[in-house]
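Student: What follows is each chain in one-letter form.
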Amino acid sequence: MNFVIPDFMPAVPEIVLLALASFILIADTVWSKRYVNATYYATQFTLLLVGVLILASFTTDTVVTFDQSFVRDAFADVLKIFIVIVSLGVFLFSREYLKQNDFYKGEFFTLGLFAILGMFVMVSSYNFITLFVGLEIMSLAMYAMIAMQRDSSKATEAAIKYFVLGALATGLLLYGLSMIYGATGSLTIPEVKAIVEAGKADSVVLAFGVVFIVIGLGFKLGAVPFHMWVPDVYHGSPTAVTLFIGAAPKIAAFAIVYRLLVDGLPGLVIDWQPLLIIMAVLSMVVGTVIAIAQTNFKRLLAYSGIAHIGFLLLGFIAATPEGYSAAMFYVLVYALTSVAAFGMIIALARTGFEFDEIKDFKGLNQRNPWLAAMMLIIMFSMAGIPPFIGFYAKLVVLQEVITAGFVWLAIVGVVTAVAGAFYYLRVVKVMYFDSAEVEGELKATTKEMAVAVSVFSLALLVLGLMPAWLMSVAYNSLLV
Amino acid sequence: MSLGYPILSTLIWLPIIAGLIVLFAGRNNPGFAKWFSLGAAVLTFILSLPLYVAFDTTTSAMQFVERVSWIPQYNIEYFLGVDGLSMPLVLLTTFTQVLVIASAWTVIKDRVEQYMGAFMIMQGLMIGVFTALDSILFYVFWEALLIPMFIVIGKWGGPKRVYATLKFFLYTFLGSVFMLVAFLYLFFQSGSFSILDFHAMPIGMTAQILIFLAFLIAFAVKIPMFPVHTWLPDAHVEAPTAGSVVLAAIMLKMGGYGFVRFSLPITPDASMTLDWLIIGLSLIAIVYIAFVALIQTDMKKLVAYSSIAHMGFVTLGIFLVYSIVSKTGDVQGAALGMEGAMVQMISHGFISGAMFLAIGVLYDRMHTREIGAYGGVVNTMPWFGFFAVLFAMANAGLPGTSGFVGEFMVILSAFKANVWFGVLAATTLIVGAAYTLWMIKRVIFGSVANEEVAKLQDLNRREFAIMATLAFVIILLGVWPNPLLEVMHSSVDNLLIQATTSKL
Chain A
1 MNFVIPDFMP AVPEIVLLAL ASFILIADTV WSKRYVNATY YATQFTLLLV
51 GVLILASFTT DTVVTFDQSF VRDAFADVLK IFIVIVSLGV FLFSREYLKQ
101 NDFYKGEFFT LGLFAILGMF VMVSSYNFIT LFVGLEIMSL AMYAMIAMQR
151 DSSKATEAAI KYFVLGALAT GLLLYGLSMI YGATGSLTIP EVKAIVEAGK
201 ADSVVLAFGV VFIVIGLGFK LGAVPFHMWV PDVYHGSPTA VTLFIGAAPK
251 IAAFAIVYRL LVDGLPGLVI DWQPLLIIMA VLSMVVGTVI AIAQTNFKRL
301 LAYSGIAHIG FLLLGFIAAT PEGYSAAMFY VLVYALTSVA AFGMIIALAR
351 TGFEFDEIKD FKGLNQRNPW LAAMMLIIMF SMAGIPPFIG FYAKLVVLQE
401 VITAGFVWLA IVGVVTAVAG AFYYLRVVKV MYFDSAEVEG ELKATTKEMA
451 VAVSVFSLAL LVLGLMPAWL MSVAYNSLLV
Chain B
1 MSLGYPILST LIWLPIIAGL IVLFAGRNNP GFAKWFSLGA AVLTFILSLP
51 LYVAFDTTTS AMQFVERVSW IPQYNIEYFL GVDGLSMPLV LLTTFTQVLV
101 IASAWTVIKD RVEQYMGAFM IMQGLMIGVF TALDSILFYV FWEALLIPMF
151 IVIGKWGGPK RVYATLKFFL YTFLGSVFML VAFLYLFFQS GSFSILDFHA
201 MPIGMTAQIL IFLAFLIAFA VKIPMFPVHT WLPDAHVEAP TAGSVVLAAI
251 MLKMGGYGFV RFSLPITPDA SMTLDWLIIG LSLIAIVYIA FVALIQTDMK
301 KLVAYSSIAH MGFVTLGIFL VYSIVSKTGD VQGAALGMEG AMVQMISHGF
351 ISGAMFLAIG VLYDRMHTRE IGAYGGVVNT MPWFGFFAVL FAMANAGLPG
401 TSGFVGEFMV ILSAFKANVW FGVLAATTLI VGAAYTLWMI KRVIFGSVAN
451 EEVAKLQDLN RREFAIMATL AFVIILLGVW PNPLLEVMHS SVDNLLIQAT
501 TSKL
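Protein chains in written order, with the numbering used here: chain A, 1 to 480; chain B, 1 to 504.
Bound-form chain A, shown alone (with noise of 0.2 Å):
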């Protein structure tokens, strides 16, 4: 018996993640009496422990280990650094808002850790079970997040529809890849490349596996026709935990729909593409039709995210490099301005008054014109108006869509692009032009909040002036 102990270096961060987190999940049930804030701190060290060992290690070559079922290259090192980024924004912002709402314990952060960990081991799969393994740690973790509000009916729905819906997906995107299994009798992503491109194995079964699979990730990024939990589960949820879901799980769900689609399967681009059109479409009209009569923000940015993942698809139907580069440019851009919407309800949230209808907004310009300014660059950044850097997000993938010869999927783009800034604009014309209801200053919860508001939303500002940067970035992981 030949035992080959596997190359453990390059799981090191997922390694030292996964042991904090279990540490902090322990630790908590005895610091949390004496020291309030030990588990936030402990969670917000480990994150950039862990950002910084990426860092570190930053690799461009392609590392595989683990018998073949978790890679790292320059990808999955870029995803995991905005996975990091994004979270400790998250998890700055949930604070506030936990304490105000009576729930800040320990379990929100370390559940938190698991579904971050999960996410991890998404982004570096390189085999069927890895990234099977990975989606679930994630999905278990986060039914736990918003399940947590046990008193809260709307909390508790939501959790249900999450459940019930996701089981559903797990269970066809698990039936689609045991067909590939069954037709190429491989579960690693690279094998199973090699036979599907060699025209090795039944295109039949396999056709029916991508169906299977697309469906299960239409569901997991809420893509149209599978978006209905998007809505329920973005309004029921605690605004700290739509934050949550709202950004980088969509970094994770890209990564695996690279993985399966592109790294694994791009000998049926010829059937999978067609699919992607319908649910890139149907997302982008819908997303936006709908939004339009929402009057709960939260509500509003579901189905504007709804359509954003409209878009995101746009980058893998063009099934170029640039193309793939493109859409992962989108979803990074998606999940830092998604942080900053959800971060700037949280900041003018107050106990017991969500500030999450969108006539809360009314007047905040009388009441703060700097969060007003800041409103109106998140508002516009999603809207794609330049200069900020949501623009250039469309712009990239309605040129590779352009390129790969879909003209007419990018004036569908851009129409619904346009019916788009109706419901932003609606806000923006909210914030400035009404008059507020209630008179006087109204501030930030912490001065803590208005500052990583400002960050975050500033942040749109400065990237779309110089959007060369962060498109490096996406576009050299990718072709490299």
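Calculated from the structure, these hints are not laboratory results. The model shown is predicted, which means the values in this text are computed figures rather than measured ones. Cβ coordinates follow ideal geometry from the N, Cα and C atoms, glycine included. Just so you know, not all the hints are guaranteed correct.
[As the list claims (entries may be wrong)] The calculated DMTMM-like cross-link candidates involving lysine to aspartate or glutamate, where the alpha carbons are at most 25 Å apart (straight line), are: (1) B:K109 with A:D434; (2) B:K167 with A:E357; (3) A:K359 with B:D110; (4) A:K154 with A:D360; (5) A:K362 with A:E448; (6) A:K193 with A:E357; (7) B:K160 with B:D56; (8) B:K109 with A:E437; (9) A:K443 with B:D110; (10) B:K167 with A:D434; (11) A:K154 with A:D102; (12) A:K362 with B:D110; (13) A:K99 with A:E448; (14) A:K154 with A:D271; (15) B:K160 with A:D360; (16) B:K109 with B:D364; (17) A:K200 with A:E136; (18) A:K154 with A:E441; (19) B:K503 with B:D197; (20) B:K109 with A:E441; (21) A:K99 with A:D7; (22) A:K443 with A:D102; (23) B:K160 with A:D434; (24) A:K33 with A:E136; (25) B:K160 with A:E437; (26) B:K167 with A:E439; (27) B:K327 with B:D493; (28) B:K160 with A:E439; (29) A:K359 with A:E437; (30) A:K99 with A:D360; (31) A:K105 with A:E136; (32) B:K109 with A:E439; (33) A:K99 with A:E357; (34) B:K441 with B:E451.
[To be verified] Just the calculated beta-carbon pair ranges, DEER-fashion: (35) A:V462 with B:H367: 40 to 46 Å; (36) B:I17 with A:L48: 49 to 55 Å; (37) A:K105 with B:P6: 55 to 61 Å; (38) A:K105 with B:I17: 44 to 50 Å; (39) B:I46 with A:K359: 44 to 50 Å; (40) A:N476 with B:T230: 55 to 61 Å.
Place chain B on chain A using the hints.
Tutor: Showing chain B alone in chain A's frame:
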């Protein structure tokens, strides 16, 4: 031609930075906001003068060029430069800005710093539109401009301002996204976003027609041409005075500028095939919209409609080229129409600005724009009456004012192209005079209509200075348009060559 320093970047970023400073430092300090903005506007104007002085009139090449890589992944550059077509528009912008800031001196009381800041930022962006030579950079300025304008109309406008501003934003946004798709397609074909590269690349006929139509939607909305003009009267009427001035004097010119910078040189064959469409729409604007203006009871609305009619001359002059060339075979003969269109743009910038400022003066005193509420204003405001009549005459195209020069040149070349075009275009001399002078008769002359008019104060020194400056420029250009024609000569010739050289 170039100077020792990046003059175009200075002109773009100086007002934007000044605007940001005003936004943040001017809170609760309206005096600072006003003086700082005025200072920055005057400084920008002075700094823009070297553009004219050092301009080389013998070449049609881009001058004062600045070019650095901006987004290397897509070969997008920070690429600026002006030629004879854009340089006068830059000067128009910097000049108008001073008056715009001055006009809001006492009227705006709420959130002065945001108002001033928005206008300063807008100025930088407008100059950016006229000087950008990279299409994405152009698009960035073009679109970013909507944000401050959206806020200005929506916040300081009239009663229906929210409706007007949303309509303005969405109309313009819808128009411009098609232009963006056209840019992306052109990049896909040429591998560059540089407008000059677009000028040089060959394009097939179908693609040309689609690109032309995409540009047409964008620019037609901005100009605005019939039938997509409906946002303009709303936006104009609801906008505060300075907003109307900026809209009419500068933002409308972007559409005309777009035609000469993009449509004609990039898609010459499609422009030739579809010139009937533009000429038709222009003539409808000139004739039909002029009659619409005749029946308006709101002064601002009347001037807004007259703007649409006057902008019809711009598009008409630009697209007459093909009929003149096909009829006479003389490219030089077409230059008259093209130069007429360019002069008309500049002159309309001054005249419409002056008209809106004059209406603003009355509105500040009486808070109504209804023609019926006035009468006999000249009795109480003699100086105002003098200027108003002068501007009205210029609006009607009286010889000796700048309004005459452009219109006359376009009408002359219209006769060259087709007698009927000329006849239809010339009706404006009658109808235009009718609606403007009839308004003047009802507002300015006659006996004092009511007590409120009787109590009116004449122009104060600030208003007098604004009016006098505009009057001076309008008459100067009217009697001596040569300095303007001179700078655009080579560029217009070059444009005509580009427009008449097939790219198939």
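Student: State for each hint whether it applies.
Tutor: For each hint, the structure was consulted:
no.	hint	result
1	B:K109 with A:D434	holds (17 Å)
2	B:K167 with A:E357	holds (24 Å)
3	A:K359 with B:D110	holds (22 Å)
4	A:K154 with A:D360	holds (20 Å)
5	A:K362 with A:E448	holds (23 Å)
6	A:K193 with A:E357	violated (48 Å)
7	B:K160 with B:D56	violated (47 Å)
8	B:K109 with A:E437	holds (21 Å)
9	A:K443 with B:D110	holds (21 Å)
10	B:K167 with A:D434	holds (17 Å)
11	A:K154 with A:D102	holds (17 Å)
12	A:K362 with B:D110	holds (17 Å)
13	A:K99 with A:E448	holds (14 Å)
14	A:K154 with A:D271	violated (39 Å)
15	B:K160 with A:D360	holds (22 Å)
16	B:K109 with B:D364	holds (12 Å)
17	A:K200 with A:E136	violated (31 Å)
18	A:K154 with A:E441	violated (31 Å)
19	B:K503 with B:D197	holds (13 Å)
20	B:K109 with A:E441	holds (20 Å)
21	A:K99 with A:D7	violated (42 Å)
22	A:K443 with A:D102	holds (20 Å)
23	B:K160 with A:D434	holds (13 Å)
24	A:K33 with A:E136	violated (31 Å)
25	B:K160 with A:E437	holds (20 Å)
26	B:K167 with A:E439	violated (29 Å)
27	B:K327 with B:D493	holds (18 Å)
28	B:K160 with A:E439	holds (24 Å)
29	A:K359 with A:E437	holds (9 Å)
30	A:K99 with A:D360	holds (21 Å)
31	A:K105 with A:E136	holds (23 Å)
32	B:K109 with A:E439	holds (19 Å)
33	A:K99 with A:E357	holds (21 Å)
34	B:K441 with B:E451	holds (19 Å)
35	A:V462 with B:H367: 40 to 46 Å	holds (43 Å)
36	B:I17 with A:L48: 49 to 55 Å	violated (35 Å)
37	A:K105 with B:P6: 55 to 61 Å	holds (56 Å)
38	A:K105 with B:I17: 44 to 50 Å	holds (47 Å)
39	B:I46 with A:K359: 44 to 50 Å	holds (47 Å)
40	A:N476 with B:T230: 55 to 61 Å	violated (48 Å)
This entry does not satisfy hints 6, 7, 14, 17, 18, 21, 24, 26, 36 and 40, going by the numbered hints stated previously.
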